[in-house]
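Keeping their order, the protein sequence lines are chains A and B.
Mapping to numbering that gives the first Met the number 0: the first sequence position 270 is 269, numbers consecutive.
Mapping to numbering that gives the first Met the number 0: the second sequence position 262 is 261, numbers consecutive.
Quick caveat, the hints were computed from the structure, so don't treat them as lab data.
No experiment lies behind these values; they were computed from the predicted model shown.
Hints should not be assumed to be uniformly reliable.
Just so you know, same-sequence chains aren't split out, so a pair can sit in one copy or run between any two.
Said to hold, decoys possible - With a cut-off of at most 30 Å between alpha-carbon atoms, the simulated DSSO-like pairs for lysine-lysine come out as follows: (1) Lys232 to Lys255; (2) Lys159 to Lys142; (3) Lys237 to Lys142; (4) Lys159 to Lys93; (5) Lys296 to Lys310; (6) Lys255 to Lys142; (7) Lys289 to Lys225; (8) Lys142 to Lys289; (9) Lys277 to Lys159; (10) Lys232 to Lys150; (11) Lys159 to Lys296.
Take a look at the letters that make up each chain.
Protein chains: 2
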Amino acid sequence: MDPVPTSAEPPRSSEDEAAAFFRAAPPLRDRDAVAASLDAFVARHSAGTGGGPVGVVCVTSGGTTVPLEQRCVRYIDNFSSGQRGAASTEYFLKAGYAVIFIHRRGSKQPYCRFLPEDSFLDVFELGEGSEIQVPESHTTVVKTAISSYRKAIDEGLLLKLPFTTIFEYLQLLQLVSTAMNCLGHHGMFYFAAAVSDFYVPWESMAKHKIESAGGPLNMQLSQVPKMLFILRKHWAPKAFCVSFKLETDPDILLHKAEMALRKYGMNVVVANELANYKDVVVMVTSSGRKTVRRQSKEDDIEEQLIDLLVKMHSDNITQSHSDQET
Amino acid sequence: MDPVPTSAEPPRSSEDEAAAFFRAAPPLRDRDAVAASLDAFVARHSAGTGGGPVGVVCVTSGGTTVPLEQRCVRYIDNFSSGQRGAASTEYFLKAGYAVIFIHRRGSKQPYCRFLPEDSFLDVFELGEGSEIQVPESHTTVVKTAISSYRKAIDEGLLLKLPFTTIFEYLQLLQLVSTAMNCLGHHGMFYFAAAVSDFYVPWESMAKHKIESAGGPLNMQLSQVPKMLFILRKHWAPKAFCVSFKLETDPDILLHKAEMALRKYGMNVVVANELANYKDVVVMVTSSGRKTVRRQSKEDDIEEQLIDLLVKMHSDNITQSHSDQET
């Protein structure tokens with residue numbers, strides 16, 4: 000469970016690339032307000048406050064977009080419902096964590112997973128006295144959702160930060176991780192978001208909607224800097240880091256997961272295949288691999304996954320205390 | 000209000016392009032079930048059934064996606080919340096139309112516009128006896144939404160057909176328009192969807208997730224065939240057609256709207272600018288232009304727009320009856 004050591008200096012160009020990315024990106028709106036809410040949240044949940052949460056986890060969820068025009072009409076998107084991130088957030092909260100939920104606007108939200116996608120109003124009806132009702136078949140699920148959600152909000156255990164573009168996402172990630180750095184080993188990151196690998200740098204972008212006057216359209220995209228590297232090295236070096244590797248080709252999945260573990264110094268890489276990501280995942284660590292399968296279609300695989308990660312995180316915290324004492 | 004005549008033969012390549020597109024596209028799932036539900040809907044609402052709707056309108060809404068890989072992880076999307084299409088559907092229903100709502104999965108739905116995007120559960124709470132309640136401030140809006148929605152569904156006036164990709168969208172459009180052809184001039188099309196101009200033909204598409212191993216990514220996209228041309232010429236030649244032109248550059252907007260009116264033989268092109276599409280639109284017809292502005296931020300501009308279109312459609316039906324008699 001120890002992270003693969005990244006004592007070697009990252010290639011200079013990674014840090015330069017990251018700096019160049021942030022310099023050129025359109026600035027996050029309400030940056031100061033976000034930073035202030037983060038500082039307050041982290042301060043409230045810092046280790047040492049008796050009865051407080053067991054840890055703080057930053058869960059990222061949903062896909063980032065790559066705008067193709069500055070006044071954005073078209074963009075490249077990553078398929079990601081946010082199901083994994085939303086379900087995991089519910090189980091982290093259940094396990095006693097405080098959660099910072101960096102999510103794609105419009106993606107699945109914690110406790111809303113029962114909602115049919117396009118038929119919100121099918122869940123409700125008006126009773127005889129025109130009061131709002133939920134049919135018997137839905138009642139328990141809806142009530143549990145409302146009360147769990149309210150509890151998380153009222154106890155100040157859930158902070159939701161939305162993004163849409165790759166620019167917003169990476170700026171949020173930088174703000175959150177630098178705010179969480181003071182938590183040391185008590186902080187955890189759970190990178191379930193589908194982050195764009197390629198993008199159009201802001202200055203290279205067409206100002207207005209690209210014309211479809213005639214002929215094919217050619218596009219050249221640049222690589223997005225690998226920010227996990229920078230996070231692990233500079234922003235929050237002691238945090239427990241869990242990333243995901245999603246592939247459509249099962250033959251390359253585990254190889255890519257092992258490579259990501261080493262390359263970015265992650266504590267755990269959760270490998271999953273698009274075809275069956277709800278049914279099975281493989282947790283890859285420096286100690287080996289563990290396959291997790293859900294028992295039935297009614298279960299959430301995230302229940303087992305988060306249970307195992309919480310234990311690993313706890314062991315890692317204990318180990319770090321021993322390391323300090325020796 | 001007469002459509003600009005398209006008696007000239009379309010360039011042969013348009014029909015060939017369209018045919019090639021459909022031959023190569025992955026087939027729509029449940030095509031037969033969709034076709035059957037369409038035939039039943041149209042038959043139920045055909046002109047002549049006393050007390051029936053004043054007409055049938057097909058409203059298209061939301062953006063289409065262009066998959067970049069066959070086992071789709073990445074895709075190009077068009078920014079479109081579906082707000083215009085959803086609001087317009089509510090006003091068409093209010094005006095007595097039956098509506099076929101071809102919409103992007105996950106986009107704004109009729110009567111759900113009050114829902115805060117990411118905070119569905121903020122709208123509800125549990126009362127003292129654990130019954131589900133809506134805070135006073137929201138009650139009227141939620142109840143109106145539920146009852147209006149129920150009415151449309153119970154009276155069989157709203158048929159919802161979802162799409163995600165450009166392939167699904169154009170196949171649905173073809174099915175719907177050929178089913179509506181029997182309505183002649185009583186049918187209307189309201190093309191509010193943001194349809195991709197460029198796409199990757201299915202056979203050219205990478206089978207698996209495109210690797211981000213190294214260096215920039217180059218993409219070449221083909222033009223999507225102009226299906227409005229084919230719809231106006233072959234699928235539903237007598238229908239009243241309203242299309243939208245959205246631009247980010249106000250200097251070219253009206254010129255492009257006039258060109259679209261002529262090129263595709265539309266009855267009306269609604270021109271709007273991304274920066275202020277909720278506040279002002281310009282209706283462009285062969286008789287001239289009409290600017291529509293909303294009176295206040297509480298109003299929906301769609302209320303006036305649909306009111307004007309319903310009158311234009313009605314005049315068009317009357318005119319077509321006179322034409323037949325002379």
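Evaluate Lys296 and Lys310 at a C-alpha cut-off of 30 Å and name the case that applies: within, between, both or neither.
within (25 Å within a copy, 52 Å between copies)
Status of Lys142 relative to Lys237 across identical chains (alpha carbons, at most 30 Å):
neither (39 Å within a copy, 50 Å between copies)
Status of Lys289 relative to Lys142 across identical chains (alpha carbons, at most 30 Å):
Close neither inside one copy (35 Å) nor across copies (50 Å); limit 30 Å.
Classify it for me, Lys289 with Lys225: is the Cα-Cα distance of at most 30 Å met within a copy, between copies, both or neither?
within (26 Å within a copy, 51 Å between copies)
Intra/inter-copy verdict for Lys232 and Lys150 if alpha-carbon distance must be at most 30 Å
neither (35 Å within a copy, 59 Å between copies)
Within a copy, between copies, both or neither: which one fits Lys159 and Lys296 at a CA-CA cutoff of 30 Å?
Classified as both; 28 Å inside a copy, 28 Å across copies.
At most 30 Å between alpha carbons: which applies to Lys277 and Lys159, within, between, both or neither?
The answer is both: 24 Å in one copy and 28 Å across copies each meet 30 Å.
Indicate which option fits the pair Lys159, Lys142 if close means a Cα-Cα distance not exceeding 30 Å: within, between, both or neither.
For Lys159 and Lys142, the Cα distance is within 30 Å both inside one copy (21 Å) and across copies (28 Å).
Within, between, both or neither: Lys255, Lys142 at alpha-carbon 30 Å:
neither (42 Å within a copy, 51 Å between copies)
Lys232 and Lys255: within-copy, between-copy, both or neither at 30 Å Cα
within (21 Å within a copy, 51 Å between copies)
For Lys159 and Lys93, with the copy left unspecified, which applies at a CA distance of at most 30 Å: within, between, both, or neither?
within (17 Å within a copy, 37 Å between copies)
Figure legend: structure checked against the earlier numbered hints; hints not met, in rising order: 3, 6, 8 and 10.
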